[in-house]
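Visitor: If you want the building blocks of each chain, they are given just below.
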Amino acid sequence: MSSAPAPRPEIALGVTGLAVHFGGLVAIEDVTLEVREGEVLSLIGPNGAGKTTAFNAITGYLPPAAGEIHYRGRRLNGLKPHQNAELGIVRTFQKTSVFGGRTVLENVLMGLHLRSRQRALPIIFGLRWVAREERALELEARRILEFIGLAARADELGSALPYGEQRLLEIAIALAAKPSLLLLDEPVSGMNPAETADFMKKLREIRSLGITVLLVEHDMRMVMGVSDRVVCLNQGRIIADGTPAEIQRNPEVIRAYLGERYARAQG
Amino acid sequence: MKRALTAAWLVFLFSIPLWMQSLYIIHVLVITGIFIIAAMSLNLLLGYAGQLSLGHVAFFGIGAYASSLVSLGFSVHVAPEIVVALEPKPVWMAIPAGILFAGLAGWFIGRVAFKVRGAYFVIVSISFAEVVRLVAVNWVELTQGPMALNNIPPLTLWLPGAGEHTFWKKPENYWLVLTVAVLSHIVVRRLVHSRAGRAMIALRENEPLASSVGVDITRCLVLTAVVSAAMAGAAGALYAHYVRIVDPDVFLFIYTVTMVIMVVTGGKGTLAGPIVGGLIFGLLPETLRAFEIAPELQWILYGVLMVLILYFLPDGIVPAVRKWREQVRAGVAAEGK
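Protein sequences, first through last, are from chains A and B.
So the first sequence is residues 141 to 407, counted in the numbering used here.
So the second sequence is residues 5 to 341, counted in the numbering used here.
If you are wondering where the hints come from, they were derived from the structure by calculation, not from laboratory data.
Please note that the accuracy of each hint is not assured.
What the hints assert, rightly or not - Computed cross-link-like contacts, DSSO-like style, restricted to lysine-lysine with a CA-CA straight-line distance of at most 30 Å:
hint, chain 1, residue 1, chain 2, residue 2
1, A, Lys235, B, Lys119
2, A, Lys235, A, Lys220
3, A, Lys220, A, Lys318
4, B, Lys93, B, Lys173
5, A, Lys318, A, Lys341
6, B, Lys93, B, Lys174
7, A, Lys318, B, Lys119
8, B, Lys119, A, Lys220
9, A, Lys235, A, Lys342
Because the structure is a prediction, the values reported are computed rather than measured.
Working from the sequences, and respecting the hints, build out all of it.
Guide: So this is what it looks like as structure tokens:
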């Protein structure tokens, strides 16, 4: 489809030399990573390492200062967030982000935006198929709520849900947009251990739907439990890349997280 | 049940001129109805999409002027040698022209102004209305300026059973305005219960999240602005052919404020809000006048009432009533146990 330098076919998302600057501040520099089709790749790193910035640049919320982003052979640089969503790249946000003033069901219906064919004129003239499609969309929204485990909450306001369930609602909204690549920004922050364990199960189910996942997370038990590969960022640069087991042993990673002295003590 | 209630309301509203003797009250209802249509249009932009347009009267005025000019005809020198002229056209063609021009203005504002948001958009929208008003004042060859466009013809329609009919009388205009108001209400209701309306609400509630699931913000706002402006233009066109005189004062800021007050007190982002707010603030001045209260005092009462409503019901009347009814229902259910 595109004549751009296409990465190898099994690579879903290819990021090359990505840099983001805020004025004189270098947020991330020369970040190169690949997400393979169907895998769960985690992006870890201490606070301020640039994980969320990388997310924002990949999904079109921030303009990169340098670097290339490709998804399934298409160049993403310069695309707006909604155009990325059309390509199947859907993200969640670090801070809980739902449509608080709307019911849970409506929240998911809003996520179904791209799955509707409705246009202004058919809506205004009240064509039959519009009403038919609305009913189909509602069924689909309920199905997604069933999957994520919020079906019983359908008629409650988004902001009325407890924190952990709001985080699930975010995932439901994102899944409604039918992603092929899902970027989750600290999905379990604020969840208790039981909720986190449930969420890890959910994530495996999401993955079994064929959705590739790029995960930013601080909860190491979760990261090590669900990821195929882990990339570690520190101060805007990638310092390690490997399987969860390799990352756990990597001295650079230990130094970044726990400090110089701890790393020496280990060695 | 709900459908029967709606039908009963419609029968009641349409029957008013049949038993209401006072033409003055009918006149007040016509003007109120026109303002309600304008308020409904503003509600789309302000209530659903969450964009405060303080220049909304521009669309109303553009609809009024465009429809009047098409029905009166004009001849204007755009350059020393070039004359743009239009023969008078029948009013049933003029009104759609007014709607079209207002919609185009909405498209323009949507394209240009939504690059800036929040307070900046408010300023751009006020400026837009002011510029349009200055054009109306100063382009005397086209608009007659402060001398106003006079003798605007009323609407003539071919009606089944009645043949060609001209809407001279107040009751006829009442029915006309009511019909357009009902149609506008249906358009708004369909929009907000569809993908387009959900996108507007999503944008209002959480813009980054909306774009993350594929809502094209610009496109959504432009669509909202076009529909909203066209509807305000329809109200303006109805106004022009009812009052039959249009001067640059239709662009006064106070009319925008009136629309905003109607929407906000009634309940922005609710279907019934602009209707409730419009009825209160459309009929209140006349009620006060009936009690022969001094005009200065009327304005004060008007303001006090608005402050009180917003102080006690910050979301507006309709959401407050809805909440109250839910509480009553929950209370009844609790007692039943």
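Visitor: Do the alpha carbons of A/Lys318 and B/Lys119 lie within 30 Å of each other, as the hint requires?
Guide: holds, 29 Å
Visitor: Are the Cα positions of B/Lys93 and B/Lys174 separated by 30 Å at most?
Guide: It holds: about 23 Å lies between the C-alpha atoms, which stays within 30 Å.
Visitor: Is it true that the CA of A/Lys318 sits at most 30 Å from the CA of A/Lys341?
Guide: holds, 19 Å
Visitor: Take a quick look at whether A/Lys220 and A/Lys318 sit within 30 Å of each other, Cα to Cα.
Guide: OK: A/Lys220 and A/Lys318 at ~17 Å, within 30 Å.
Visitor: Could you grab the alpha-carbon distance between B/Lys93 and B/Lys173 and see if it respects the 30 Å cut-off?
Guide: Holds, at roughly 21 Å.
Visitor: For the pair supplied as a hint, B/Lys119 and A/Lys220, confirm whether the alpha-carbon distance does not exceed 30 Å.
Guide: Holds, at roughly 14 Å.
Visitor: Please verify whether A/Lys235 and A/Lys220 have alpha carbons no more than 30 Å apart.
Guide: holds, 21 Å
Visitor: So if I understand the rule, the pair passes when the alpha-carbon distance is 30 Å or less; does A/Lys235 with B/Lys119 pass?
Guide: holds, 26 Å
Visitor: With the threshold set at 30 Å, check whether the alpha-carbon distance from A/Lys235 to A/Lys342 stays at or below it.
Guide: holds, 20 Å
The structure meets every hint from the earlier list without exception.
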